[in-house]
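Residues per chain are reported as follows:
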Amino acid sequence: MFDFSVVSSWIHQFLTSVMPEGLAIFLECLVVGVCILAAYAVIAMILIYMERKICAWFQCRIGPDRVGKFGLLQLFADVIKMLIKEIVELKNTDKFLHALAPYIVILSSILAFACLPINKGMEILDFNIGVVFLVAVSSLGVIGILLAGWSSNSKYTMIGAMRSGAQIISYELSIGMCLLAVAIFTGTLQFSEIVAFQADGWLIFKGHIPAVIAFIVYLIAGNAETNRGPFDMPEAESELTAGYHTEYSGMHFGFFYLSEYLNMFIIAGVAATIFLGGWMPLHISGLEGFNAIMDYIPGFVWFFGKAFFVVFLLMWMRWTFVRLRIDQLLKFEWKILLPIGLFNLVLMILVVVFKLHF
Amino acid sequence: MDLKKRILEIAPETQFVEQGDIKAIVPSSSFYALAKKLKEDEDTSFDFLLSLTGMDFGDSLGVIYHLESTKYGHTCVLQTSTTNRENPELYSVCDLWKTANFNEREVYDFFGIRFINHPDMRRLFLRDEWNGYPFRKDYDMDSNPLNMTNEVTEDKTTELTIDAEGNVIEKENTLFDDKEYVINIGPQHPSTHGVLRFRTSLQGEIIKKIEPYCGYIHRGIEKMNENLTYPQTLALTDRLDYLSAHQNRHALCMLIEKALGVEIPERVQYIRTIMDELQRIDSHILFYSCLAMDMGAITPFTYGFRDREMILDIFEQTTGGRLIQNYNVVGGVQADIHPDFVNSVKKFIPYFRNILKEYHDIFTGNVIVHQRLKGVGVLSKEDAISFGTTGGTGRASGWACDTRKRKPYAMYDKVDFKEIVYTEGDSFARYMVRMDEMLESMKIIEQLIDNIPEGAYQVKMKPIIKVPEGSYFTSVESSRGEFGVFLESKGDKYPYRLKYRSTGLPLVAAVDTITKGGKIADLIAIGGTLDYVIPDIDR
Numbered sequence: 001m002f003d004f005s006v007v008s009s010w011i012h013q014f015l016t017s018v019m020p021e022g023l024a025i026f027l028e029c030l031v032v033g034v035c036i037l038a039a040y041a042v043i044a045m046i047l048i049y050m051e052r053k054i055c056a057w058f059q060c061r062i063g064p065d066r067v068g069k070f071g072l073l074q075l076f077a078d079v080i081k082m083l084i085k086e087i088v089e090l091k092n093t094d095k096f097l098h099a100l101a102p103y104i105v106i107l108s109s110i111l112a113f114a115c116l117p118i119n120k121g122m123e124i125l126d127f128n129i130g131v132v133f134l135v136a137v138s139s140l141g142v143i144g145i146l147l148a149g150w151s152s153n154s155k156y157t158m159i160g161a162m163r164s165g166a167q168i169i170s171y172e173l174s175i176g177m178c179l180l181a182v183a184i185f186t187g188t189l190q191f192s193e194i195v196a197f198q199a200d201g202w203l204i205f206k207g208h209i210p211a212v213i214a215f216i217v218y219l220i221a222g223n224a225e226t227n228r229g230p231f232d233m234p235e236a237e238s239e240l241t242a243g244y245h246t247e248y249s250g251m252h253f254g255f256f257y258l259s260e261y262l263n264m265f266i267i268a269g270v271a272a273t274i275f276l277g278g279w280m281p282l283h284i285s286g287l288e289g290f291n292a293i294m295d296y297i298p299g300f301v302w303f304f305g306k307a308f309f310v311v312f313l314l315m316w317m318r319w320t321f322v323r324l325r326i327d328q329l330l331k332f333e334w335k336i337l338l339p340i341g342l343f344n345l346v347l348m349i350l351v352v353v354f355k356l357h358f
Numbered sequence: 001m002d003l004k005k006r007i008l009e010i011a012p013e014t015q016f017v018e019q020g021d022i023k024a025i026v027p028s029s030s031f032y033a034l035a036k037k038l039k040e041d042e043d044t045s046f047d048f049l050l051s052l053t054g055m056d057f058g059d060s061l062g063v064i065y066h067l068e069s070t071k072y073g074h075t076c077v078l079q080t081s082t083t084n085r086e087n088p089e090l091y092s093v094c095d096l097w098k099t100a101n102f103n104e105r106e107v108y109d110f111f112g113i114r115f116i117n118h119p120d121m122r123r124l125f126l127r128d129e130w131n132g133y134p135f136r137k138d139y140d141m142d143s144n145p146l147n148m149t150n151e152v153t154e155d156k157t158t159e160l161t162i163d164a165e166g167n168v169i170e171k172e173n174t175l176f177d178d179k180e181y182v183i184n185i186g187p188q189h190p191s192t193h194g195v196l197r198f199r200t201s202l203q204g205e206i207i208k209k210i211e212p213y214c215g216y217i218h219r220g221i222e223k224m225n226e227n228l229t230y231p232q233t234l235a236l237t238d239r240l241d242y243l244s245a246h247q248n249r250h251a252l253c254m255l256i257e258k259a260l261g262v263e264i265p266e267r268v269q270y271i272r273t274i275m276d277e278l279q280r281i282d283s284h285i286l287f288y289s290c291l292a293m294d295m296g297a298i299t300p301f302t303y304g305f306r307d308r309e310m311i312l313d314i315f316e317q318t319t320g321g322r323l324i325q326n327y328n329v330v331g332g333v334q335a336d337i338h339p340d341f342v343n344s345v346k347k348f349i350p351y352f353r354n355i356l357k358e359y360h361d362i363f364t365g366n367v368i369v370h371q372r373l374k375g376v377g378v379l380s381k382e383d384a385i386s387f388g389t390t391g392g393t394g395r396a397s398g399w400a401c402d403t404r405k406r407k408p409y410a411m412y413d414k415v416d417f418k419e420i421v422y423t424e425g426d427s428f429a430r431y432m433v434r435m436d437e438m439l440e441s442m443k444i445i446e447q448l449i450d451n452i453p454e455g456a457y458q459v460k461m462k463p464i465i466k467v468p469e470g471s472y473f474t475s476v477e478s479s480r481g482e483f484g485v486f487l488e489s490k491g492d493k494y495p496y497r498l499k500y501r502s503t504g505l506p507l508v509a510a511v512d513t514i515t516k517g518g519k520i521a522d523l524i525a526i527g528g529t530l531d532y533v534i535p536d537i538d539r
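Taken in order, these protein sequences are the chains called E and F.
Sequential numbering from 1 applies to the first sequence in our numbering.
Sequential numbering from 1 applies to the second sequence in our numbering.
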């Protein structure tokens with residue numbers, strides 16, 4: 001298995017040999033930051049293209065196919081359009097907050113993105129409370145959404161923001177429950193250790209029933225967290241035109257758009273990491289030859305493969321279901337999903353205490 | 001029971017005119033008492049106000065009421081008028097029939113007749129500061145230059161009442177007070193299906209009150225008709241409810257043919273019936289697609305549009321038009337059916353019957369759809385009749401109001417089909433009525449398509465059609481209810497007054513009643529299941 005820390009430590013040694021350590025670390029941080037932003041943008045574009053094509057297949061359409069081969073250049077055209085579009089300033093709005101909101105949303109999304117271990121030795125933010133950190137930063141985004149809705153000074157955006165606040169805060173609990181169940185099982189809150197724990201079998205297999213329940217609950221709650229259908233109430237284009245970002249244009253709107261897609265990827269990436277073994281290859285104990293072959297496939301391929309599989313599941317949901325109503329949505333969380341999560345937590349504790357897992 | 005005698009007992013000064021349909025001319029002083037009695041008496045029980053038409057008779061201004069009893073099925077036409085052209089006032093009947101509320105506002109808007117005891121005497125279609133009343137015959141066409149200022153929406157409205165001494169006084173009513181959170185849903189909104197505006201008062205997500213504002217696509221089609229010859233008026237019917245284009249035109253052709261006493265060849269009747277039913281399937285597919293779209297599922301939307309395209313292709317093959325076909329003409333149809341018409345219809349029906357199962361799989365069976373639609377937006381049968389919400393909406397509330405069964409026309413009395421009636425009255429029933437109706441429509445087409453008789457597709461008409469003097473009313477079952485045409489003719493080559501009974505206006509009038517206490521999302525689902533088309537409301 002290729003270990004990326006070989007590369008990173010080589011770079012570190014090379015840099016410290018030619019400059020003082022402080023400057024070297026500063027330079028490394030800079031490079032890593034640029035890499036994250038680049039990966040963020042590239043993944044967002046892949047996701048947008050993927051969503052367009054997948055939803056087209058679901059709907060018996062072809063999808064974009066005019067700009068470039070298979071419509072591949074459509075995305076670049078869209079990005080350029082978004083970048084050069086005017087950012088409209090509105091009268092009677094809180095201009096500072098209005099401009100600040102998209103940055104908060106995208107910042108929280110980037111911080112959460114940086115937590116994902118993509119390959120062996122390729123963790124960016126990896127410390128002993130990584131899971132808690134991820135939950136904390138990803139819930140910062142709701143502040144941006146509330147600010148966006150409030151500062152636009154429009155009734156539609158206000159309703160969208162209030163819906164979004166209620167929804168995200170509620171579904172955070174279910175996500176927390178699932179992550180807690182995983183933490184109990186693995187005995188750690190550090191992503192790299194959670195992945196290492198799954199070296200001899202992915203968690204969804206090892207933890208059998210409670211892990212599968214946690215995985216399903218996580219997918220549902222995660223879909224709600226990202227404001228995507230059937231939980232897209234905050235945007236609900238047929239009710240609130242575009243919800244909290246109705247009044248945004250140009251790249252400010254683009255930030256909301258990007259972060260929505262990346263949040264979906266983060267949810268999928270976390271699901272892949274904690275339930276499907278992250279960058280760990282598929283190992284079946286007893287089949288040494290098979291395991292060896294699987295090890296030849298690099299870790300990031302495993303990670304992205306799993307993450308995009310989960311993304312596909314989320315898209316499947318999105319393009320099949322009808323939108324819920326806000327009271328049904330909250331009832332679903334507080335009366336169904338959360339009790340299941342709590343029950344599952346107890347079940348997981350029993351499984352761990354009595355060693356009923358594989 | 002002799003209706004004439006009954007009316008004379010209650011209002012002895014009534015006169016009867018027997019030109020075209022029999023019409024009872026009632027003096028305005030005794031009109032309200034007569035209407036109340038006709039509605040409430042057990043043996044008359046006229047509980048359905050089919051149409052309310054304002055008229056300018058030249059010397060007087062008046063209103064014509066088409067009443068119908070859902071219990072006995074009998075009908076009557078009443079007319080009342082006032083000679084006071086400066087300050088015309090008549091008694092309102094909106095406490096007897098709820099649908100009269102909007103209809104009387106329309107009459108006030110166009111003729112300036114103010115209705116006493118009407119709680120909300122505002123204009124319905126035109127701007128509040130409009131000068132004059134455009135449907136009066138002496139209206140000056142240049143009195144309203146293009147207005148460049150924004151209209152201010154008033155939160156107050158006036159009501160005329162009678163005080164203890166018998167004088168008419170004005171009272172002020174409040175629509176929304178200052179503390180209410182009022183949000184505009186429309187006129188530019190993705191789910192109002194056009195330029196309809198709901199001012200919605202909210203308490204959090206819960207709807208307290210809705211005030212519909214119409215007229216954003218008002219074109220004055222009825223007024224335009226007064227300067228067009230009869231064949232010319234046909235062109236405008238397709239522009240009313242564009243999803244019932246064929247049926248609307250069928251209604252007007254039928255009316256003129258009835259007034260002229262023209263016998264229509266059987267081949268034409270077959271063609272018209274088949275086209276009507278194809279149009280109905282077309283409209284109901286669009287209903288399904290748009291409802292799914294409104295509720296956030298875009299996949300069923302594309303399914304629907306894929307299959308609707310096949311019907312449009314069939315239309316295009318024969319008529320040359322897709323959305324608006326302009327196919328019916330007075331005395332027949334524009335051109336004979338395409339040689340391949342029978343074949344393509346027969347190919348379409350088995351295909352669509354199959355695909356309809358897929359529609360149910362992806363949408364009807366979905367648990368979220370049940371949650372969103374069942375028990376939401378219940379309209380009781382009494383309200384449905386009182387508002388006159390014919391079509392699928394009425395039938396979902398248990399009111400068997402299908403014009404094809406009540407007053408059969410064309411081939412409908414010779415084919416076997418079921419009238420779909422549900423009793424729940426909620427959004428889900430409204431949805432299921434339309435889904436089941438598609439199956440019935442296919443059944444009708446299947447019975448007719450193989451037996452289209454040979455013969456002429458058109459009766460030769462005189463180049464200038466003059467309808468004999470009198471008043472006539474005909475209605476057909478359009479895709480979303482009973483579409484009626486009322487014609488008052490003075491024997492000219494132009495209609496004196498041509499009024500369309502809108503199928504959508506009663507639906508919009510009922511929105512406030514249906515949505516009360518619901519959520520914003522319910523309003524969208526209810527709007528989707530009511531299935532109104534805006535150009536038909538505004539005309």
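It cannot be assumed that every hint is accurate.
[Said to hold, decoys possible] Straight-line Cα separation of at most 25 Å, PhoX-like style, residue types lysine-lysine; simulated pairs:
#1 Lys374/F x Lys331/E
#2 Lys223/F x Lys91/E
#3 Lys418/F x Lys209/F
#4 Lys208/F x Lys381/F
#5 Lys335/E x Lys519/F
#6 Lys462/F x Lys258/F
#7 Lys179/F x Lys155/E
#8 Lys414/F x Lys443/F
#9 Lys331/E x Lys462/F
#10 Lys155/E x Lys209/F
#11 Lys407/F x Lys347/F
#12 Lys155/E x Lys223/F
#13 Lys519/F x Lys155/E
#14 Lys516/F x Lys179/F
#15 Lys156/F x Lys155/E
#16 Lys223/F x Lys335/E
#17 Lys407/F x Lys258/F
#18 Lys346/F x Lys223/F
#19 Lys331/E x Lys519/F
#20 Lys223/F x Lys490/F
#21 Lys155/E x Lys381/F
#22 Lys516/F x Lys331/E
These are calculated hints, taken from the structure and not from any lab test.
Tested hints:
1. Note on lysine 374/F and lysine 331/E: the hinted pairing holds, with a Cα-Cα distance of about 17 Å set against a maximum of 25 Å.
2. The hinted pair formed by lysine 223/F and lysine 91/E fails the criterion: a straight-line CA distance of about 42 Å is larger than 25 Å.
3. For the suggested pair lysine 418/F and lysine 209/F, the alpha carbons sit about 37 Å apart, so the restraint of at most 25 Å is broken.
4. Between lysine 208/F and lysine 381/F, the direct Cα distance comes to roughly 22 Å. Compliance with the 25 Å bound is thereby established for this hinted pair.
5. Between the alpha carbons of lysine 335/E and lysine 519/F the distance comes to roughly 20 Å, so the proposed pair stays at or under 25 Å and holds.
6. About 15 Å separates the Cα atoms of lysine 462/F and lysine 258/F, which keeps this hinted pair within 25 Å; it holds.
7. Between the alpha carbons of lysine 179/F and lysine 155/E the distance comes to roughly 14 Å, so the proposed pair stays at or under 25 Å and holds.
8. For the hint linking lysine 414/F to lysine 443/F, the alpha-carbon distance of about 13 Å falls within 25 Å, and the restraint holds.
9. In summary, the hint linking lysine 331/E to lysine 462/F is not supported, as the alpha carbons are separated by about 68 Å, beyond the 25 Å threshold.
10. A C-alpha spacing of about 16 Å is found between lysine 155/E and lysine 209/F, which places the hinted pair at or below 25 Å, so the restraint holds.
11. Restraint check: the Cα-Cα separation between lysine 407/F and lysine 347/F comes to about 31 Å, which exceeds 25 Å; the hinted pair is violated.
12. The hinted pair formed by lysine 155/E and lysine 223/F fails the criterion: a straight-line CA distance of about 38 Å is larger than 25 Å.
13. For the hint pairing lysine 519/F with lysine 155/E, the CA-to-CA distance comes to about 15 Å; that is within 25 Å, so the pair holds.
14. For a cut-off of 25 Å, the pair hint linking lysine 516/F to lysine 179/F stands: about 19 Å separates their Cα positions.
15. For the proposed pair lysine 156/F and lysine 155/E, the alpha carbon gap of about 22 Å is at most 25 Å, so the pair holds.
16. Restraint check for lysine 223/F and lysine 335/E: not satisfied, since their Cα atoms lie roughly 58 Å apart, outside the 25 Å limit.
17. A hinted pair counts as satisfied when its Cα atoms are at most 25 Å apart, and lysine 407/F with lysine 258/F qualifies at roughly 14 Å.
18. Restraint check: the Cα-Cα separation between lysine 346/F and lysine 223/F comes to about 41 Å, which exceeds 25 Å; the hinted pair is violated.
19. For the proposed pair lysine 331/E and lysine 519/F, the alpha carbon gap of about 15 Å is at most 25 Å, so the pair holds.
20. Pair hint lysine 223/F plus lysine 490/F holds up; C-alpha atoms about 16 Å apart against a cutoff of 25 Å.
21. Distance check on the hinted pair: lysine 155/E and lysine 381/F sit about 35 Å apart at the alpha-carbon level, beyond 25 Å; violated.
22. Using a Cα cut-off of 25 Å, the hinted pair lysine 516/F and lysine 331/E holds, with the two alpha carbons roughly 21 Å apart.
Hint compliance for this structure: hints 2, 3, 9, 11, 12, 16, 18, 21 are broken, all remaining hints hold.
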